[in-house]
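There are 2 protein chains.
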Amino acid sequence: MRFSTETIRLDLVHPFRIAREVSAHKNNVLVRISDGEMTGIGEAAPSLYYGEDAGSVLRALEEVSALPGGDPFGLEATMDRLVTRIPGDSAARAAVDIALHDLAAQRLGVPLYRWLGLDPGETPVTSFTIGIDEPKAIRRKVREAAGYPALKVKLGSEPEKDLEIMRAIRSETDARIRIDANAGWTADQAVEMVKRLSEFDVELVEQPLPPGSPEAWRRVREAASMPIIADESVLTSRDVPAMAGLVDGVNVKLMKCGGVREALRLIHTARAHGMIVMIGCMIESSVAITAAAHLSPLADYADLDGNLLISNDPFSGASVRQGHLVLPEKPGIGVAPRS
Amino acid sequence: MRFSTETIRLDLVHPFRIAREVSAHKNNVLVRISDGEMTGIGEAAPSLYYGEDAGSVLRALEEVSALPGGDPFGLEATMDRLVTRIPGDSAARAAVDIALHDLAAQRLGVPLYRWLGLDPGETPVTSFTIGIDEPKAIRRKVREAAGYPALKVKLGSEPEKDLEIMRAIRSETDARIRIDANAGWTADQAVEMVKRLSEFDVELVEQPLPPGSPEAWRRVREAASMPIIADESVLTSRDVPAMAGLVDGVNVKLMKCGGVREALRLIHTARAHGMIVMIGCMIESSVAITAAAHLSPLADYADLDGNLLISNDPFSGASVRQGHLVLPEKPGIGVAPRS
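One line per chain: the protein sequences are A and B, in this order. Going by numbering that gives the first Met the number 0, the first residue of the first sequence is number 0, and it counts up by one from there. Going by numbering that gives the first Met the number 0, the first residue of the second sequence is number 0, and it counts up by one from there.
Derived by calculation from the structure, the hints in this document are not laboratory data. For each residue, glycine too, the CB sits at the ideal point set by N, CA and C. Some clues are possibly wrong.
Per the computed footprint, the stretches of chain B lying under chain A, defined by three or more beta-carbons under 8 Å from a beta-carbon of chain A, are [to be verified]: (1) 71-85; (2) 110-122.
The following residues of chain B were derived to be distant from chain A, with all beta-carbon distances above 10 Å [what the hints assert, rightly or not]: (3) D10; (4) P14; (5) N26; (6) S33; (7) S46; (8) G50; (9) P148; (10) A149; (11) E157; (12) E163; (13) K194; (14) P209; (15) R218; (16) R220; (17) E221; (18) P296.
One-sided excerpt, in silico: chain B residues whose CB lies under 8 Å from chain A [what the hints assert, rightly or not]: (19) S22; (20) L107; (21) S236; (22) R270.
Build the full structure now, drawing on both the sequences and the hints.
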């Protein structure tokens, strides 16, 4: 099989600010794996928070480019070998995993969701993200997002500033609101915020605290009237047991866990613990977003808008209709270059 | 899709005795689901221990015969509906799940293991079961099982009788020995037995105690030098968290959990907890045994000899070569009627 990589620069519609960083563009890496007849495509969206950038992804992919071998269906063995060889490069592993799923499903002649036994009519409502900004800009962004029935609101700076953002949002919309604090609060701030957020009719709160400190997580969950979801605290299925009892659910991201195959493990483990499942993303083109969208019938909530936050998405794939994800019907993940 | 059932009587080579029962034959139920062109086959091996028999399986299948609907690929939704409608009939659900996997994989034109992304060269060594018997008969059975590199020895009666069985076995063979007590010991007996079994070079001990009593399980695990595996204590993925820390692994059976799909969830959840995975069976024809064999590359140990313990297996499918399971290459689960 032929293996190639390409770095793509994704320009952000709005400079994107979350609790810990701000950026105007993002370099992701595409992987193409070809059997001579068909080509599977995957994408790595590296995260500085996890020590990755486009350069580290390219080095990791160079290291493992021969591993997929001759058979895209040997997924379990291939991904096990990748975990051994590039354990810290989850975005690079996700790119290979997505490309292999795309290629294998193309060879079977079925869309990925069908290979996975899932119902494309069961995709959840996906949210549109509102980054941290001044109230005036927030109000403008919320008006721009009028077609989306659910908003994901980034908080996690100072509590008073966060509440100002919430008031600005609620002055514009009755949409469903999901909060993501991106580990930005202290324990005391988080306890206070989950209490005060209840007056804004909030659907859930994601990662109120940094990873670690189980007692602080327990305090926050006890103080909260809405579900608490772990994101940065749960990367793979192995991280679920330690968070059981401390949160109500997990946010599954292909880039954190290393691809579709481990995402299934993570979802299954979370469900075994009775947890809510959200499927999320980084800033990604329609390649990685669409791969995740094929898994979304397994999730209660989707937050797959990474491709909507960029102005130059090179691909088309999953789309959004009345808030719900619409999956491509073509074999594989079903993405195509935008003309 | 057309749905039909057939009860089959499986005659046992030796009347089969485990800690709690003895039987000379077994009635299982076949399910066939046809799309007009291809037919998937599944099997229910009901267990009295879980309140099932052929009659209860037939009643449950009658209740849900329309549920698979028009599309064998809608596995997630179909199996969710079955869990709601016949929650207690896991063997009946397994039969439908196996038949749908067989039909869908046939339509994709690939063997089930390939659909699941697994390597047929990674199947584990499967064990041959020696039921409870008098020392003389045990020695004869062990000699008959000379081709199998691993034996699964049923214990769980009186400790002194169990040790007599172990001495009889070790007088005949150096094979790998896995113990299954089928919940037959008290806590004190189990603690004593795991200590005394260490002199017989035992690979693992399965279900030393009845389900429940976490403190007793903890005592047994602390006293044991070999891994302790849960069977009757873990039916589905939902049962794993409560046993985490009390055992080293789980025995996954299609008939307990309700099929291939839930077996994957259970395996993933066990792995997330760092557990050993064994894949086991009931008294089953080659239909259900072969379905489980396709999953066996995900397991550390296999105990898939249910079809070898009967004299009139109506099907051929997975076979055993030098102790390892050999998977059929035909599309689907790949079983065929014996001529």
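Status of the hints after comparison with the structure:
no.: 1; hint: 71-85; verdict: holds (count 5)
no.: 2; hint: 110-122; verdict: holds (count 7)
no.: 3; hint: D10; verdict: holds (36 Å)
no.: 4; hint: P14; verdict: holds (37 Å)
no.: 5; hint: N26; verdict: holds (30 Å)
no.: 6; hint: S33; verdict: holds (19 Å)
no.: 7; hint: S46; verdict: holds (22 Å)
no.: 8; hint: G50; verdict: holds (23 Å)
no.: 9; hint: P148; verdict: holds (23 Å)
no.: 10; hint: A149; verdict: holds (23 Å)
no.: 11; hint: E157; verdict: holds (37 Å)
no.: 12; hint: E163; verdict: holds (40 Å)
no.: 13; hint: K194; verdict: holds (29 Å)
no.: 14; hint: P209; verdict: holds (22 Å)
no.: 15; hint: R218; verdict: holds (22 Å)
no.: 16; hint: R220; verdict: holds (17 Å)
no.: 17; hint: E221; verdict: holds (20 Å)
no.: 18; hint: P296; verdict: violated (7 Å)
no.: 19; hint: S22; verdict: violated (33 Å)
no.: 20; hint: L107; verdict: holds (5 Å)
no.: 21; hint: S236; verdict: holds (4 Å)
no.: 22; hint: R270; verdict: holds (7 Å)
Of the hints listed earlier, those the structure fails to meet are numbers 18, 19, in rising order.
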